[in-house]
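Line by line, the protein sequences are chains A and B.
The first sequence begins at 36 in this note's numbering and counts up by one.
The second sequence begins at 138 in this note's numbering and counts up by one.
Please keep in mind that the hints were generated in silico from the structure rather than gathered at the bench.
Certain hints may be false.
Partial pick of chain A residues on the chain B-facing surface, computed with a CB cut under 8 angstroms [stated by the list, open to error]:
| # | residue |
| --- | --- |
| 1 | 70 |
| 2 | 78 |
| 3 | 80 |
| 4 | 82 |
| 5 | 85 |
| 6 | 136 |
| 7 | 140 |
| 8 | 141 |
| 9 | 143 |
Beyond 12 angstroms from chain B on every Cβ pair, some chain A residues (computed) [unchecked claim]:
| # | residue |
| --- | --- |
| 10 | 50 |
| 11 | 52 |
| 12 | 104 |
| 13 | 147 |
| 14 | 149 |
Heads up, the beta-carbon is just placed ideally off N, CA and C, and yes, glycines get one too.
The residues making up each chain are set out below.
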Amino acid sequence: AQKITQTQPGMFVQEKEAVTLDCTYDTSDPSYGLFWYKQPSSGEMIFLIYQGSYDQQNATEGRYSLNFQKARKSANLVISASQLGDSAMYFCATRPLTGANNLFFGTGTRLTVIP
Amino acid sequence: GAVVSQHPSWVICKSGTSVKIECRSLDFQATTMFWYRQFPKQSLMLMATSNEGSKATYEQGVEKDKFLINHASLTLSTLTVTSAHPEDSSFYICSASRTGFTKSNQPQHFGDGTRLSIL
Numbered sequence: 036a037q038k039i040t041q042t043q044p045g046m047f048v049q050e051k052e053a054v055t056l057d058c059t060y061d062t063s064d065p066s067y068g069l070f071w072y073k074q075p076s077s078g079e080m081i082f083l084i085y086q087g088s089y090d091q092q093n094a095t096e097g098r099y100s101l102n103f104q105k106a107r108k109s110a111n112l113v114i115s116a117s118q119l120g121d122s123a124m125y126f127c128a129t130r131p132l133t134g135a136n137n138l139f140f141g142t143g144t145r146l147t148v149i150p
Numbered sequence: 138g139a140v141v142s143q144h145p146s147w148v149i150c151k152s153g154t155s156v157k158i159e160c161r162s163l164d165f166q167a168t169t170m171f172w173y174r175q176f177p178k179q180s181l182m183l184m185a186t187s188n189e190g191s192k193a194t195y196e197q198g199v200e201k202d203k204f205l206i207n208h209a210s211l212t213l214s215t216l217t218v219t220s221a222h223p224e225d226s227s228f229y230i231c232s233a234s235r236t237g238f239t240k241s242n243q244p245q246h247f248g249d250g251t252r253l254s255i256l
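Generate the whole structure from the sequences, applying the supplied hints.
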């Protein structure tokens with residue numbers, strides 16, 4: 036079973052500042068992947084970053100980094116130097132390494148970047 | 138690369154109409170595609186897993202006779218909402234992973250979604 040919890044329904048950040056979006060998960064799978072997706076108001080799902088449960092280092096992709104704390108089962112997304120175009124819904128998701136290939140999503144966090 | 142096209146992007150129709158939504162992987166083959174449903178201000182919920190050449194696997198609570206899925210080729214899956222009613226109004230979005238890429242780090246690529254409104 037998979038359960039993803041995003042406790043922040045909404046977040047505000049000043050342009051050019053950094054922001055952390057929280058994500059905790061509960062899974063019975065021994066190996067799994069963690070994903071973050073961005074969903075603008077237009078609806079499409081944009082892949083941002085991936086972290087494997089077996090990865091020793093935190094993932095980074097440009098302005099996105101993932102603060103992975105396996106013991107705490109958390110995978111927080113850090114966005115540095117926020118831009119107005121970062122305003123969107125952000126979803127944390129997980130997928131087991133074996134078996135079902137689908138994603139399990141959290142409830143999402145709406146990020147608003149303030150000029 | 139890894140583009141998924143979903144069509145149509147917006148549908149408005151009368152109650153009782155059947156609506157077909159297409160999901161195509163444009164530049165890769167996808168043995169498996171997924172159909173999600175998203176209500177306003179909510180998360181994506183998996184409806185079914187579409188498998189090329191075989192029957193779809195539906196999640197608990199999803200009516201298979203209501204939501205017909207066909208995955209006839211490695212690049213196309215269709216979702217047909219039969220005899221749609223206002224409560225079927227939602228945002229439907231598909232995703233696909235490249236065939237042969239079974240590692241969990243391969244991201245699913247999503248279509249742009251279909252907004253379905255039943256009057």
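Hint by hint, here is what the structure shows:
At its closest, the beta carbon of residue 70 of chain A sits 6 angstroms from a beta carbon of chain B; the interface hint therefore holds under the 8 angstroms criterion. Below 8 angstroms, beta-carbon pairs count as interface contacts, and residue 78 of chain A has one with chain B at about 4 angstroms; its hint therefore holds. Hint status for residue 80 of chain A relative to chain B: holds, with the closest Cβ pair at about 4 angstroms, below 8 angstroms. Restraint check, residue 82 of chain A versus chain B: the minimum CB separation of about 4 angstroms is within 8 angstroms; hint holds.
Annotation: residue 85 of chain A was flagged as interfacial toward chain B, and the flag holds, the nearest CB pair being 5 angstroms apart, inside 8 angstroms. At a threshold of 8 angstroms, the smallest CB-CB gap from residue 136 of chain A to chain B is about 6 angstroms, leaving the interface hint in force. The interface hint given for residue 140 of chain A holds, since its Cβ lies 5 angstroms from the closest Cβ of chain B, which is under the 8 angstroms cut-off. Checking residue 141 of chain A against chain B: minimum C-beta separation of about 6 angstroms stays under 8 angstroms; hint holds.
Checking residue 143 of chain A against chain B: minimum C-beta separation of about 6 angstroms stays under 8 angstroms; hint holds. Residue-level check passed: residue 50 of chain A sits 25 angstroms from the nearest beta carbon of chain B, beyond 12 angstroms. The claim that residue 52 of chain A lies off the interface holds: its Cβ sits roughly 25 angstroms from the closest Cβ of chain B, which is beyond the 12 angstroms cut-off. Every C-beta of chain B lies more than 12 angstroms from that of residue 104 of chain A, the closest at about 19 angstroms, which supports listing it as non-interface.
At roughly 14 angstroms, the least C-beta separation between residue 147 of chain A and chain B is larger than 12 angstroms, which holds for a residue marked as non-interface. At the 12 angstroms boundary, the C-beta of residue 149 of chain A stays outside the reach of chain B, the nearest C-beta of that chain being 21 angstroms off.
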